[in-house]
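Assemble the complex: chain R is given as a structure, and chain W must be docked to it using the hints.
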Amino acid sequence: MTILFLAMAKALAPFLALVLSGLLLLIVTAFLPKEKTRLLFYPTLLALAGTTILVATNWVDGFPLEGGMVISDRIAYGFDLVFLLSVFLSTILSRETEEGNAHGGEYYVLTLFATAGMVLMAHSRDLLLLFIALEIMSLSAYILTSYRQSAKGAEAGMKYFVMGAFASGFLLYGIALIYGATGSTDFSVITQAGAGATGNSLWLIRIGVALLLIGFGFKIAAVPFHFWAPDVYEGAPTPVTALMASGVKAAGFVALVRLVIAFAPFTALPWVKILSVLAFLTMTIGNLIALKQTNIKRMLAYSSIAHAGYALVGLAASIKNGQIQEEALAAVLFYMFAYSLMTIGAFAIVVAMGRKGDEVDEIGDYAGLSEHHPALAAAMALFMISLTGIPPTLGFIGKFYLLRAAVSSGLIGLTVVAVLNSVISAFYYLSVVMVIYFQKEKGYRLPQLSYTLLFAVSFTAMAVIYLGLFPEELFQVAKQSFQAVVF
Amino acid sequence: MISLVHYLIVSILLFCIGVAGFLCRRNALVLFMSVELMLNAANLAFITFARFQGNPSGSVIAFFVMVVAAAEVAVGLAILVLVFKNRSSVDVNEISLMKG
Numbered sequence: 001m002t003i004l005f006l007a008m009a010k011a012l013a014p015f016l017a018l019v020l021s022g023l024l025l026l027i028v029t030a031f032l033p034k035e036k037t038r039l040l041f042y043p044t045l046l047a048l049a050g051t052t053i054l055v056a057t058n059w060v061d062g063f064p065l066e067g068g069m070v071i072s073d074r075i076a077y078g079f080d081l082v083f084l085l086s087v088f089l090s091t092i093l094s095r096e097t098e099e100g101n102a103h104g105g106e107y108y109v110l111t112l113f114a115t116a117g118m119v120l121m122a123h124s125r126d127l128l129l130l131f132i133a134l135e136i137m138s139l140s141a142y143i144l145t146s147y148r149q150s151a152k153g154a155e156a157g158m159k160y161f162v163m164g165a166f167a168s169g170f171l172l173y174g175i176a177l178i179y180g181a182t183g184s185t186d187f188s189v190i191t192q193a194g195a196g197a198t199g200n201s202l203w204l205i206r207i208g209v210a211l212l213l214i215g216f217g218f219k220i221a222a223v224p225f226h227f228w229a230p231d232v233y234e235g236a237p238t239p240v241t242a243l244m245a246s247g248v249k250a251a252g253f254v255a256l257v258r259l260v261i262a263f264a265p266f267t268a269l270p271w272v273k274i275l276s277v278l279a280f281l282t283m284t285i286g287n288l289i290a291l292k293q294t295n296i297k298r299m300l301a302y303s304s305i306a307h308a309g310y311a312l313v314g315l316a317a318s319i320k321n322g323q324i325q326e327e328a329l330a331a332v333l334f335y336m337f338a339y340s341l342m343t344i345g346a347f348a349i350v351v352a353m354g355r356k357g358d359e360v361d362e363i364g365d366y367a368g369l370s371e372h373h374p375a376l377a378a379a380m381a382l383f384m385i386s387l388t389g390i391p392p393t394l395g396f397i398g399k400f401y402l403l404r405a406a407v408s409s410g411l412i413g414l415t416v417v418a419v420l421n422s423v424i425s426a427f428y429y430l431s432v433v434m435v436i437y438f439q440k441e442k443g444y445r446l447p448q449l450s451y452t453l454l455f456a457v458s459f460t461a462m463a464v465i466y467l468g469l470f471p472e473e474l475f476q477v478a479k480q481s482f483q484a485v486v487f
Numbered sequence: 001m002i003s004l005v006h007y008l009i010v011s012i013l014l015f016c017i018g019v020a021g022f023l024c025r026r027n028a029l030v031l032f033m034s035v036e037l038m039l040n041a042a043n044l045a046f047i048t049f050a051r052f053q054g055n056p057s058g059s060v061i062a063f064f065v066m067v068v069a070a071a072e073v074a075v076g077l078a079i080l081v082l083v084f085k086n087r088s089s090v091d092v093n094e095i096s097l098m099k100g
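Taken in sequence, the protein lines are chains R and W.
Here the first sequence stands for residues 1 to 487, where the numbers follow this note's numbering.
Here the second sequence stands for residues 1 to 100, where the numbers follow this note's numbering.
For reference, chain R alone in the conformation it holds in the complex (with noise of 0.2 Å):
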């Protein structure tokens, strides 16, 4: 028994870890005075370290612990790195705005509340428990971004909140399907279930996954469920922006991997073709639109649009060919970690465009740049060109696994629409890399830069080379996440 508890503690660590240093410092922030709750950033960065360090430890000592609501696979682990990360670097960013300084502790408890519900998001074996944790990070999301409380901010929120509640609405009527034909939300229970279902029951489960694939779709902001994403994604304080562009889709990817793994065996919907028009959507729509746009912070937005359509691409190929599953989810996992890296890396630079509490958003600003700032234009050079996928970059090695796997599964088509889909982008990413270089400058203001900026920019842009010159190791690590899948 006490083996057992021991067991449970040592899987739930990192959520536990979450959850009491977010309570902890919300307690603290009531009692600081105002200007002093700003010093909060430190324990919040020293808490999610602490959470990376329990959830490394977890995924090396690997163990898949069966019972309850929460499982604790390494694909859990591995997602919660990423997540870990993503929280970790923006949190960095927020220092350097008005938000992070002026409104003090809350924004730190609210994205440590966030980040606890991605971490339950990836362990949840229940479908109830799944929305939960979704609701725990999206409402803490919706705070978040209209946290600058200008009219945009308030605009972005209320946008992001009213789509997100329409979402979680199909979501929820999804899960009281499935629960309807097969009389629990536990998906062990699900796909013993399911297997042997038959007539209305089968029928109940398909339109559930159906309607649990449009909540989903809404998260990811996949095409056609993406419209909210640019205004949301322009409106928020840019490390909110770059939280949702990261770590939020990746627990959006989280849910979508176990859907695929625990529904697609047994439910016989035309699972490839519904994902393939999907990342072909979400792909050529993100990245046509994205062509027109000025606005640094939109045109990020469709660029994540498009990326989540590649590692769409992704989860259509695991279902294509069961023989490659494991490699194809390997890939998306890798993919999610790579973009959020070069995303990341790329809010960093709008951060520092901007000074405190005016943010510096046309593409047209940064004419002029590569003069004032060499090192900072070579790092937006850098990760606009990871971005659209050329080497020796990490955004190549991310394209260059999902697409093998792609191409392996028999996915030949879709190949050639990711293919051709990344030579449109590199007209918009080069075109600001253009802009910073050749552009003669208009009324420069130098930013200012700190040093928590440089070091986000410094680690992202290194880790950017680094892995994708050696990415080998990192992908193993990807690929032995997915190696015993529980159910």
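Because the hints were derived from the structure by calculation, they are not lab data.
One or more of the hints may lead you astray.
As the list claims (entries may be wrong) - DMTMM-like mimics (lysine to aspartate or glutamate), calculated; alpha carbons at most 20 Å apart, straight line:
| id | chain 1 | residue 1 | chain 2 | residue 2 |
| --- | --- | --- | --- | --- |
| 1 | R | Lys152 | W | Glu94 |
| 2 | R | Lys479 | R | Glu326 |
| 3 | R | Lys152 | W | Asp91 |
| 4 | R | Lys34 | R | Glu106 |
| 5 | R | Lys152 | R | Glu362 |
| 6 | R | Lys440 | R | Glu371 |
Claimed, not checked - Here are some of the chain R residues that sit facing chain W, going by a computed Cβ distance under 8 Å:
| id | residue |
| --- | --- |
| 7 | Glu135 |
| 8 | Tyr142 |
| 9 | Ile143 |
| 10 | Glu155 |
| 11 | Gly157 |
| 12 | Phe161 |
| 13 | Ala165 |
| 14 | Phe166 |
| 15 | Tyr173 |
| 16 | Ala176 |
| 17 | Tyr466 |
| 18 | Leu469 |
| 19 | Pro471 |
| 20 | Leu474 |
| 21 | Val477 |
Backbone N, C-alpha and C fix where the C-beta goes; we use that ideal spot for every residue, glycine too.
Same frame as chain R, but now just chain W:
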């Protein structure tokens, strides 16, 4: 005799009214109400299945959903107040600073 199917039809109707209201109405408060209607439709389905299958976990789930819905309303109304402070209107057609 009222059967499981009757309850389910009511629940599906409620859900569809919620979706239709969300898509057609332009007042943000009414949008919130529509979302609540969708969540309550799901609750009705949960309780129906729990009742007719003699499986109490569905009723428990309904309580969790109510808590989540209450939390959602708290956050949503706070954001709505923020929007109203900024532009003295909660019509979603007028909330359009960002486009493109």
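Tested hints:
no. : hint                   : result
1   : R:Lys152 with W:Glu94  : 13 Å, holds
2   : R:Lys479 with R:Glu326 : 6 Å, holds
3   : R:Lys152 with W:Asp91  : 15 Å, holds
4   : R:Lys34 with R:Glu106  : 11 Å, holds
5   : R:Lys152 with R:Glu362 : 16 Å, holds
6   : R:Lys440 with R:Glu371 : 10 Å, holds
7   : Glu135                 : 5 Å, holds
8   : Tyr142                 : 5 Å, holds
9   : Ile143                 : 6 Å, holds
10  : Glu155                 : 5 Å, holds
11  : Gly157                 : 5 Å, holds
12  : Phe161                 : 5 Å, holds
13  : Ala165                 : 4 Å, holds
14  : Phe166                 : 6 Å, holds
15  : Tyr173                 : 5 Å, holds
16  : Ala176                 : 4 Å, holds
17  : Tyr466                 : 36 Å, violated
18  : Leu469                 : 37 Å, violated
19  : Pro471                 : 36 Å, violated
20  : Leu474                 : 36 Å, violated
21  : Val477                 : 34 Å, violated
In this structure, the earlier hints numbered 17, 18, 19, 20, 21 are contradicted, and the remaining ones agree with it.
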